[in-house]
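Starting from the given sequences, assemble the full structure and let the hints guide the process.
In the numbering used here, the protein residues as written are 1 to 121.
Calculated directly from the structure, the hints in this document are not laboratory data. For glycine and all other residues, C-beta sits at the position ideal for the given N, C-alpha and C.
In the DSS-like style, the derived pairs of lysine-lysine whose C-alpha atoms are separated by at most 27 angstroms in a straight line are:
(1) K36 with K76
(2) K38 with K96
(3) K12 with K57
(4) K12 with K38
(5) K96 with K12
(6) K57 with K38
Computed beta-carbon distance windows for the label pairs:
(7) H103 with R11: 15 to 23 angstroms
(8) V67 with H103: 36 to 44 angstroms
(9) L98 with N41: 16 to 24 angstroms
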Amino acid sequence: MDIQNTQSQMRKGVLEFCIMSVIRQGEVYPSDIVDKMKAANLNILEGTLYPLLTRLKNAGYLTYRWVESNSGPPRKYFVMTEEGLQFYEALESTWKELADAVHALTQNIEHTNPTETETIL
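In structure tokens, the structure reads:
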């Protein structure tokens, strides 16, 4: 089994939540998202990011505005919509439940064997 593939799949599973977390902090340019993700050791390529941003925008979770640039074409800055904030809150709740469950399962909890008087389900 390829550990790198498994690691990649795990990261992909939280990618949308992490990107929405960055955008929730305020209006952001895509390269800023890439930089923040990289700083958190979650590398993402722009070729992965842009389709995801488009999908989130088309779903009504994000909107953007164009800002003129002195050094090239206008820049697209993304911001979360009210619907996006609700979506984010649902993702955050799901993440917390999942993280708690994984934490509970991966801790070194001393397990006891049931006694004869205990019912095993």
